[in-house]
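Novice: Listed in order, the protein sequences are those of chains P and B.
So for the first sequence, this note's numbering puts the first residue at 1; every next one is plus one.
So for the second sequence, this note's numbering puts the first residue at 1; every next one is plus one.
Please note that the accuracy of each hint is not assured.
Because identical chains share one entry, a pair is satisfied inside a single copy or across any pair of copies.
[What the hints assert, rightly or not] Only pairs whose alpha carbons sit at most 30 Å apart, straight line, appear in this in silico BS3-like list of lysine-lysine:
(1) Lys422 <-> Lys456
(2) Lys460 <-> Lys384
(3) Lys234 <-> Lys360
(4) Lys5 <-> Lys460
(5) Lys155 <-> Lys132
(6) Lys96 <-> Lys24
(7) Lys155 <-> Lys145
(8) Lys422 <-> Lys460
If you are wondering where the hints come from, they were derived from the structure by calculation, not from laboratory data.
Bear in mind the structure is a predicted one, so any value in this text is a computation, not a measurement.
Take a look at the letters that make up each chain.
Protein chains: 2
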Amino acid sequence: MSSKKVVIVGGGAAGGTAAQFARKADREAQIAVLSREEHGQYSRCGLVYALSGVVESFDSLIEFGPGWFQERGIDYRTGVSATIIEPNSRRIDVLKGHNTENIFYDSLVIATGGVPKIPEIDGIHTTEGSAKDGIFVLRTLEDGKHIKERGATAKSAVIAGAGMIGVEAADALRHLGLNVTIVEAEGSVLPTMLDPDVAETVELRMRELGIVVKTGALVSSVNGARGVESVRVKRVADGATAEINCDMLVLAVGTAPAAKLAGSAGCAIGATGGIVIDDRCSTSVQNIFAAGDCSEYRDFITGVPSLCGMGHIAVQQGRVAGINAVGGDARLLPGLVTTRGISLPDMEVSATGPTTDQLKAAGIDVMASRVAVDDRVPYFPNSKLAVKLIARADGHALVGAQLVGSRGAHLRAAACAIAVAKGMRAEELARIEMCYLPPAAPPLDPLNVAAEFLAKRLEKR
Amino acid sequence: MSSKKVVIVGGGAAGGTAAQFARKADREAQIAVLSREEHGQYSRCGLVYALSGVVESFDSLIEFGPGWFQERGIDYRTGVSATIIEPNSRRIDVLKGHNTENIFYDSLVIATGGVPKIPEIDGIHTTEGSAKDGIFVLRTLEDGKHIKERGATAKSAVIAGAGMIGVEAADALRHLGLNVTIVEAEGSVLPTMLDPDVAETVELRMRELGIVVKTGALVSSVNGARGVESVRVKRVADGATAEINCDMLVLAVGTAPAAKLAGSAGCAIGATGGIVIDDRCSTSVQNIFAAGDCSEYRDFITGVPSLCGMGHIAVQQGRVAGINAVGGDARLLPGLVTTRGISLPDMEVSATGPTTDQLKAAGIDVMASRVAVDDRVPYFPNSKLAVKLIARADGHALVGAQLVGSRGAHLRAAACAIAVAKGMRAEELARIEMCYLPPAAPPLDPLNVAAEFLAKRLEKR
Numbered sequence: 001m002s003s004k005k006v007v008i009v010g011g012g013a014a015g016g017t018a019a020q021f022a023r024k025a026d027r028e029a030q031i032a033v034l035s036r037e038e039h040g041q042y043s044r045c046g047l048v049y050a051l052s053g054v055v056e057s058f059d060s061l062i063e064f065g066p067g068w069f070q071e072r073g074i075d076y077r078t079g080v081s082a083t084i085i086e087p088n089s090r091r092i093d094v095l096k097g098h099n100t101e102n103i104f105y106d107s108l109v110i111a112t113g114g115v116p117k118i119p120e121i122d123g124i125h126t127t128e129g130s131a132k133d134g135i136f137v138l139r140t141l142e143d144g145k146h147i148k149e150r151g152a153t154a155k156s157a158v159i160a161g162a163g164m165i166g167v168e169a170a171d172a173l174r175h176l177g178l179n180v181t182i183v184e185a186e187g188s189v190l191p192t193m194l195d196p197d198v199a200e201t202v203e204l205r206m207r208e209l210g211i212v213v214k215t216g217a218l219v220s221s222v223n224g225a226r227g228v229e230s231v232r233v234k235r236v237a238d239g240a241t242a243e244i245n246c247d248m249l250v251l252a253v254g255t256a257p258a259a260k261l262a263g264s265a266g267c268a269i270g271a272t273g274g275i276v277i278d279d280r281c282s283t284s285v286q287n288i289f290a291a292g293d294c295s296e297y298r299d300f301i302t303g304v305p306s307l308c309g310m311g312h313i314a315v316q317q318g319r320v321a322g323i324n325a326v327g328g329d330a331r332l333l334p335g336l337v338t339t340r341g342i343s344l345p346d347m348e349v350s351a352t353g354p355t356t357d358q359l360k361a362a363g364i365d366v367m368a369s370r371v372a373v374d375d376r377v378p379y380f381p382n383s384k385l386a387v388k389l390i391a392r393a394d395g396h397a398l399v400g401a402q403l404v405g406s407r408g409a410h411l412r413a414a415a416c417a418i419a420v421a422k423g424m425r426a427e428e429l430a431r432i433e434m435c436y437l438p439p440a441a442p443p444l445d446p447l448n449v450a451a452e453f454l455a456k457r458l459e460k461r
Numbered sequence: 001m002s003s004k005k006v007v008i009v010g011g012g013a014a015g016g017t018a019a020q021f022a023r024k025a026d027r028e029a030q031i032a033v034l035s036r037e038e039h040g041q042y043s044r045c046g047l048v049y050a051l052s053g054v055v056e057s058f059d060s061l062i063e064f065g066p067g068w069f070q071e072r073g074i075d076y077r078t079g080v081s082a083t084i085i086e087p088n089s090r091r092i093d094v095l096k097g098h099n100t101e102n103i104f105y106d107s108l109v110i111a112t113g114g115v116p117k118i119p120e121i122d123g124i125h126t127t128e129g130s131a132k133d134g135i136f137v138l139r140t141l142e143d144g145k146h147i148k149e150r151g152a153t154a155k156s157a158v159i160a161g162a163g164m165i166g167v168e169a170a171d172a173l174r175h176l177g178l179n180v181t182i183v184e185a186e187g188s189v190l191p192t193m194l195d196p197d198v199a200e201t202v203e204l205r206m207r208e209l210g211i212v213v214k215t216g217a218l219v220s221s222v223n224g225a226r227g228v229e230s231v232r233v234k235r236v237a238d239g240a241t242a243e244i245n246c247d248m249l250v251l252a253v254g255t256a257p258a259a260k261l262a263g264s265a266g267c268a269i270g271a272t273g274g275i276v277i278d279d280r281c282s283t284s285v286q287n288i289f290a291a292g293d294c295s296e297y298r299d300f301i302t303g304v305p306s307l308c309g310m311g312h313i314a315v316q317q318g319r320v321a322g323i324n325a326v327g328g329d330a331r332l333l334p335g336l337v338t339t340r341g342i343s344l345p346d347m348e349v350s351a352t353g354p355t356t357d358q359l360k361a362a363g364i365d366v367m368a369s370r371v372a373v374d375d376r377v378p379y380f381p382n383s384k385l386a387v388k389l390i391a392r393a394d395g396h397a398l399v400g401a402q403l404v405g406s407r408g409a410h411l412r413a414a415a416c417a418i419a420v421a422k423g424m425r426a427e428e429l430a431r432i433e434m435c436y437l438p439p440a441a442p443p444l445d446p447l448n449v450a451a452e453f454l455a456k457r458l459e460k461r
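Please model the entire structure based on the sequences and the hints provided.
Specialist: Following this line, the structure appears as structure tokens:
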């Protein structure tokens, strides 16, 4: 019996992890990874820290270089792109330079990731149609290096989009000494992560750090003949515009799944534009799996097909796809809980589960509570931890949590993810024994207090 | 209708909290708190931090002084002791100085706490029968002050007992510059909190800090005519003895519930010596509730009646007892999960649920995994977090967790408490979305890795 041939398209967190777990599960399998980039598997979530200089170099973000894979008998190819999949003959065409090679597979894992969305902005290109100097996206290691290079001489930057990447990039450039303005079309920062009332605390901190925050506004045009000299920002509400001088513009308005290749193979593409996968990371086409940012999977709470877009989810899905590609039977959780976080100086911002708007859009009747309580006992230096909890009006099961504080928000969000995944009710979380310890947490943890408050509201309803 | 008369015996975490919640639930109730001590409600768990000097003064541990209660219409009496309860006439006799007062109650909350056990040690008393100078326990604020006073001039100390209080006291005295030896009869430190394999890491850290750790040994005698000059330590295994010179001896061999008063009222006392309570904090006698260290309640996993002995449990029980004492219907969780933690310099030590020995004694068939994995991504300074997870062999539900690391152990133990309370299976915890963020946690959290490892072991069984 000949060994199984596994081809993995994409060498990032999902693809690299798929290769690693395929290898662990099957020592005989022939495994090839096709990567457009040259660096091997690196931490995309670390880019902002290399940009700010908190992490010394971009190269230190490389977790598993091509050589690491080669040593484990994985044919990790760099600088190649897959052009066509022919699922009937299980063939994939791979372009390197001007040469196309046909590779045959038994199983294919598509882990092509995402591409930054480019918004419609007047003057974003030069009159010759090429990208204007000083306009950036932040997706790849090279993107990060380019931004840092420009950041070294630039005086001011505008960031379009205050999602997770936009906010983190804004803070990184501020850290480098630039004057930073961030522009967000929605009414509050981090709109897909936080409800507006929680986002307010984050926005306040950003302002304290010296970042100019303009919500409810869009970058409408870029001025400058060859490079960015200024941008025009338009208020969504009334169309009023203002001009902001800047040396660079970072576009961070979201990421689209790179699903074209999968589409060419006949894989079902969902409403999000992502490749539809099930809990085995199977696509609609036999022997083709997908994982990571290119895929869509149901939200755990709402059931709505959602883009994954998180490093830890890419790793979990890569694991499942890799194991199943060699004939295993690994499974994802039945949906995405989507725990997510960012850090600002002296601030942890975390969430798990859908926002209130997302829950309402899905027709789920919820109630929420928001408290801001001391994160430690009074006789230790302490600060407020803001906790918003959301639970089903019917049955009181927790469905989401949003936390902002100087410490302990990230791990409490993870604790809430467990509560959400297990349908813990608000009144149970109010009683659960968190870890009381004077230097770590008060006897009634902020989660207990928030849950108690929510339970009371639910009871009164 | 006249207002309800509530008497609370004990003004610590349980009693003080009972008074607060009784007042919140009933603005008309007459509430009296009878406290032996003078300070009001203070943080017992903070004593070691005031001892070490991490917290500036013992007085800063006072969270709610007598005046705070008086302002809220609570008659908080200090320096009094309750001597007899007459449940038929709902009478309690209260001694202040030489005067006894009879108080009548509608509801009584017994929150008398615990008293340090005094082990059988030769020469612990002077020939006249009084306590020998230099021998201490650490239970009250006054105890803490006495130890600190002696610690200011003493050169060396021996701690009898390496439970949570013993270990914390040992580190506090080390912090003050004393040579410290800790002696534990069991084979490992923190024996009711950690399995021996996990305790090893803690013991190593204690040794690194300069604490001499003697496990499997007892303090068998105290030498010195009026005060402690040395102690004799006996090895349990073979009876071999050694003498250790020291200026002070701290007894930390456990706490006994102060249940005598409740016993006098006819309240059922359990095998632990604690007052038996149900999920409403009701005792076996009508209109008498109990809460905190004086009570026993079932363990959530084993069902075994257990002493509470934790500040956060005292607060939770005080809340329930207080609300129910004024006619409410608050409930505890159906058992004690007993999340618990201590801190050493650069080390968090936490656990939730029973130890392996406790589970085996209860006849529960379990399997465990232990891993030590990086607590952050490689490009951030990181260290190993040791995670031991325990699950039922049958069904794989998690029943316990023990964590040791330089950061993130406490809050991950709390997350595990949620998993334990909701019967999350090892394979679910392996997949749950913890909060990945480079400065906080790797994409696969140490909990994910430990759970995966455990799930594999369970599957192979």
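Novice: Hint by hint, note whether the structure agrees.
Specialist: Hints versus structure:
no. : hint              : result
1   : Lys422 <-> Lys456 : both (21 Å within a copy, 21 Å between copies)
2   : Lys460 <-> Lys384 : within (27 Å within a copy, 46 Å between copies)
3   : Lys234 <-> Lys360 : within (29 Å within a copy, 67 Å between copies)
4   : Lys5 <-> Lys460   : between (60 Å within a copy, 27 Å between copies)
5   : Lys155 <-> Lys132 : within (18 Å within a copy, 72 Å between copies)
6   : Lys96 <-> Lys24   : within (28 Å within a copy, 73 Å between copies)
7   : Lys155 <-> Lys145 : within (17 Å within a copy, 57 Å between copies)
8   : Lys422 <-> Lys460 : both (24 Å within a copy, 25 Å between copies)
When held up to the earlier numbered hints, the structure conflicts with none and fits them all.
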